[in-house]
Amino acid sequence: MSVQRLSDLRNLGPRSIAMLETIGIRTHAELARYGAIDAFIALKNANQAATLNLLWALEGALTDRDWRQVARDDKLHFLTELELRGVLP
785 MSVQRLSDLR
795 NLGPRSIAML
805 ETIGIRTHAE
815 LARYGAIDAF
825 IALKNANQAA
835 TLNLLWALEG
845 ALTDRDWRQV
855 ARDDKLHFLT
865 ELELRGVLP
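Under our numbering, the residues of the sequence shown are numbered 785 to 873, in order.
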């Protein structure tokens, strides 16, 4: 089985990929192990300029959906989870 690179995933461009690489995420499998929310929090903790649009993009990359669909369909879930974890977007 081949390793799926981040550049092969939907929604992730060079800047997002570079940010993920700073926290050691280089493949789809590594991103999946973190999950979108934990990857987003790790990026924020690493002082990366992570915005909610990046969170939507990460989830879209994992679920093969456009980031706008994620924002529309899952926004409340993600915002609630971030609030519960004490993360201010």
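Think of the hints as simulated: they come from the structure by calculation, not from any bench.
Take the hints with a grain of salt, since some may be wrong.
[To be verified] Derived DEER-like restraints, expressed as beta-carbon distance ranges:
hint, residue 1, residue 2, range
1, 819, 856, 31 to 39 Å
2, 837, 792, 17 to 25 Å
3, 860, 805, 28 to 36 Å
4, 791, 837, 15 to 23 Å
5, 787, 864, 26 to 34 Å
6, 867, 788, 30 to 38 Å
7, 870, 791, 30 to 38 Å
8, 816, 836, 15 to 23 Å
9, 788, 822, 13 to 21 Å
10, 829, 799, 14 to 22 Å
11, 867, 787, 17 to 25 Å
[Unchecked claim] Result set (DMTMM-like, lysine to aspartate or glutamate): computed pairs, CA atoms no more than 25 Å apart in a straight line:
hint, residue 1, residue 2
12, 828, 792
13, 828, 814
14, 828, 858
15, 828, 857
16, 859, 814
17, 828, 850
18, 859, 822
19, 828, 867
20, 828, 805
21, 828, 848
22, 859, 848
23, 828, 865
Just so you know, even glycine gets a beta-carbon here, dropped at the ideal spot from N, CA and C.
Going down the list of hints, with the structure as the test:
Checked against the hint of 31 to 39 Å, the C-beta distance between residue 819 and residue 856 comes to roughly 20 Å, which is inconsistent with it. The given range of 17 to 25 Å is respected by residue 837 and residue 792, whose C-beta atoms sit roughly 20 Å from each other. For residue 860 and residue 805, the hinted distance range of 28 to 36 Å is satisfied, since their beta carbons lie about 30 Å from each other. Roughly 18 Å separates the CB atoms of residue 791 and residue 837, a value that falls within the hinted 15 to 23 Å.
Here the CB-CB span from residue 787 to residue 864 is close to 33 Å, well matched to the stated 26 to 34 Å. For residue 867 and residue 788, the hinted distance range of 30 to 38 Å is satisfied, since their beta carbons lie about 31 Å from each other. The beta-carbon spacing between residue 870 and residue 791, approximately 32 Å, falls within the hinted interval of 30 to 38 Å. Roughly 20 Å separates the CB atoms of residue 816 and residue 836, a value that falls within the hinted 15 to 23 Å.
Between residue 788 and residue 822 the Cβ separation comes to about 19 Å, which falls inside the hinted range of 13 to 21 Å. As the Cβ distance of residue 829 to residue 799 is approximately 18 Å, the hint placing it in 14 to 22 Å holds. Between residue 867 and residue 787 the Cβ separation comes to about 34 Å, which falls outside the hinted range of 17 to 25 Å. At roughly 24 Å between alpha-carbon atoms, residue 828 and residue 792 fall within 25 Å of each other, so this suggested pair holds.
For the hint linking residue 828 to residue 814, the alpha-carbon distance of about 17 Å falls within 25 Å, and the restraint holds. Distance restraint check for residue 828 and residue 858: the Cα-Cα separation of roughly 20 Å lies within the 25 Å cut-off, and the hinted pair is therefore satisfied. Our distance criterion of 25 Å between C-alpha atoms is met by residue 828 and residue 857, whose separation comes to about 23 Å. At roughly 23 Å between alpha-carbon atoms, residue 859 and residue 814 fall within 25 Å of each other, so this suggested pair holds.
This hinted pair checks out: residue 828 and residue 850 have alpha carbons roughly 22 Å apart, not beyond 25 Å. For the suggested pair residue 859 and residue 822, the alpha carbons sit about 16 Å apart, so the restraint of at most 25 Å is met. A threshold of 25 Å between alpha carbons decides the hint, and for residue 828 with residue 867 the separation of about 14 Å falls inside it, so the pair holds. Proximity of residue 828 to residue 805 is assessed by CA-CA distance (about 13 Å); at most 25 Å being required, the pair is judged to hold.
For a cut-off of 25 Å, the pair hint linking residue 828 to residue 848 stands: about 23 Å separates their Cα positions. For the suggested pair residue 859 and residue 848, the alpha carbons sit about 16 Å apart, so the restraint of at most 25 Å is met. Using a Cα cut-off of 25 Å, the hinted pair residue 828 and residue 865 holds, with the two alpha carbons roughly 15 Å apart.
Hint compliance for this structure: hints 1 and 11 are broken, all remaining hints hold.
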